[in-house]
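Novice: Take a look at the letters that make up each chain.
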Amino acid sequence: MRDRSFTPNRILIYLVVLLVAAAWLAPLAVVVLNSLRSNEEIAQGSMIGWPQHWAWSNYLAAWSGFCVAETCAGIRPYMLNSALVTIPATIFSTLLGAIAGYAVSLWRFRGDTWIYGIVTLGLFLPQQMRLLPWTIVLRDIGLINTLAGLVLIHTIQGLSFTTLFCRNYYVAIPHELIRAARIDGAGFFRIFWRIILPLSPPILVVTVIWQFTHIWNEFLYGVTFTSGQQQPVTAALIALSAAVADIPQHGVQSAAVIIAALPTLLIYLLGGKYFVRGLTAGAVK
Amino acid sequence: MSNAVSIRPDRPALPEWMRRLPEYLMIWVPLLLSAAHLVSFSLWTVWISFTPSTLVPVTGWVGLRNYSSVLASRNWQIAFDNLLLFGSAFVLLSAATGLALAILLDQRVRGENVLRSVFLYPLAVSFVVTGTVWSWLLNPGLGIQKLVHDLGWTSFKFDWLIDRDMAIWTIVIAAIWQSSGFAMALFLAGLRSVDADIIKAAQIDGAGPVRIYRRIILPSLWPITITVVVIQLQFAISTFDLVRALTNGGPGIATQLPALVVYDLMFQRSLLGRGAAAAVLMLLILLAVLLPYAAWRYVQRRRAAHA
Chain A
1 MRDRSFTPNR
11 ILIYLVVLLV
21 AAAWLAPLAV
31 VVLNSLRSNE
41 EIAQGSMIGW
51 PQHWAWSNYL
61 AAWSGFCVAE
71 TCAGIRPYML
81 NSALVTIPAT
91 IFSTLLGAIA
101 GYAVSLWRFR
111 GDTWIYGIVT
121 LGLFLPQQMR
131 LLPWTIVLRD
141 IGLINTLAGL
151 VLIHTIQGLS
161 FTTLFCRNYY
171 VAIPHELIRA
181 ARIDGAGFFR
191 IFWRIILPLS
201 PPILVVTVIW
211 QFTHIWNEFL
221 YGVTFTSGQQ
231 QPVTAALIAL
241 SAAVADIPQH
251 GVQSAAVIIA
261 ALPTLLIYLL
271 GGKYFVRGLT
281 AGAVK
Chain B
1 MSNAVSIRPD
11 RPALPEWMRR
21 LPEYLMIWVP
31 LLLSAAHLVS
41 FSLWTVWISF
51 TPSTLVPVTG
61 WVGLRNYSSV
71 LASRNWQIAF
81 DNLLLFGSAF
91 VLLSAATGLA
101 LAILLDQRVR
111 GENVLRSVFL
121 YPLAVSFVVT
131 GTVWSWLLNP
141 GLGIQKLVHD
151 LGWTSFKFDW
161 LIDRDMAIWT
171 IVIAAIWQSS
181 GFAMALFLAG
191 LRSVDADIIK
201 AAQIDGAGPV
211 RIYRRIILPS
221 LWPITITVVV
231 IQLQFAISTF
241 DLVRALTNGG
251 PGIATQLPAL
261 VVYDLMFQRS
271 LLGRGAAAAV
281 LMLLILLAVL
291 LPYAAWRYVQ
301 RRRAAHA
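Residue numbers (our numbering), protein chains in the order written: chain A, 1 to 285; chain B, 1 to 307.
Careful: at least some of the hints might be erroneous.
Stated by the list, open to error - So the derived list for chain A, only partly shown, Cβ under 10 Å to chain B, looks like this: (1) N9; (2) Q127; (3) V137.
Said to hold, decoys possible - Computed far set for chain B versus chain A, every beta-carbon distance over 12 Å: (4) R74; (5) L92; (6) S155; (7) W169; (8) A305; (9) H306.
I should point out that these hints are in silico values taken from the structure, not numbers from a laboratory. Only a predicted model underlies this, so the values are computations on that prediction, with no experimental measurement involved. Beta carbons are placed, not taken as given, at the ideal position from N, Cα and C, and that holds for glycine.
Bound conformation, chain A alone:
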């Protein structure tokens, strides 16, 4: 298995791996190429092809000119909505998760295992079980069809993940460290700021990447609790594909798809290592 020379076996291995990799990249390549082809060009051929003229204007149209429903502002407002939901919800859920994870792993209090157990149930409970109650709660507190409502939902629901991530990381911190600080008179917050947070960057990066990707890509809550101009970009993309069903505009739509996927793809490229760590941390509970 240590062999690095090119025997027939190894050539076969490389061939298979490269073929699969090509198949995995093909959908991305197709969308990128289509985002640079004009609608007519796509209509005459297929979705798969090399651009004859580079139609950069697709990106401009997708960003700020495209019509979804009756407004023609492209996907810019929806990207802004997604950012306004994702950024605060990621920050809040990560910070609260860090505090909660610290409390259940190191500070300990009565009933902490119970509470923690219930919170982690949120990892499994299907979203559908919470759709109706959230509708009622958002309506009663006046946050239905607002971005603030989505921030609230993602913050509270995100706690299941963030508390789990942080707790699993913090249990490895030696308890003596906390005990010594407590004997010296340090309280809950002082220990958190002075000891826990400085040790936290590795897990906070994982948690932030995970939450950001999750919330940015979320669709069900976005489409259920918001409408029209308040929708996040995932919901707008679906509305957009319904709108172009009559007049195909695949070039512009491809550009919109790329723009919508760009933030999470960039995060994946920059922090892929941490992304994988989050995946496995979520899987191996």
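Keeping the supplied structure of chain A fixed, place chain B upon it in accordance with the hints.
Specialist: This is chain B only, laid out in the frame that chain A set:
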């Protein structure tokens, strides 16, 4: 130096609980909100599923009537059959693909990091994007079939997307593309954690790579395999975005899945009681997967503790 009992005369004598109030608030409020909403929301949905609620939640009791009407509806029956087919095909194929990719990458392939990133990147993209892109590729008038026709092979046929019997397989394809990288990542971690000494000993005994994989490495992957299967099944049961973007349940209702039925009942047909019943049924399907898994994990942990 008696640090612990030092008296601080400059401090106003606040009662202990008041001094510690911010701490209690920061510990309890988020945790309690999170725990309480999970419990109360679930119970509330279960309760609604037993009421005659339609447009708005109402009190009352109809027993299992919502459940029987959901279970009797064609929509649910098709959704459930689809879930069985999609769930098993997707889980088996994506685990197999993930394992195959992990074994290939484990052969000390050059550029492993780049390849791993390629197989994993679909996970970073939303299901809405994945579904949209695959709906183009699989669309007979736009995608692969059209391309092959344009190249001259006009009798080529690949129209699963609009074929009632095959459409569910398009969802399997897109789901495998999206998430077999996840299986690969877990399997790869498992392959790398196999004790190198045992492998070396087997090599000295003259065992070839195939034999080593079959007898030593693969058997040690069982725990990871079960974890992969359970997580993928959990994903399959709640699949919504992918179908919504890829086929929207169509053609007709051929690719209906439970999550779409719930959404349809709750928000398109305003039958809250039935929608809640369908959501509870989804939870029961999920529990049928998770409870055996939890029991298995418990036994495993007990065994590890005794070992």
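Novice: Hint by hint, note whether the structure agrees.
Specialist: Against the structure, the hints come out as follows:
no., hint, verdict
1, N9, "holds (9 Å)"
2, Q127, "holds (7 Å)"
3, V137, "holds (8 Å)"
4, R74, "holds (20 Å)"
5, L92, "holds (18 Å)"
6, S155, "holds (17 Å)"
7, W169, "holds (16 Å)"
8, A305, "holds (16 Å)"
9, H306, "holds (21 Å)"
Consistency note: the structure conflicts with none of the earlier hints.
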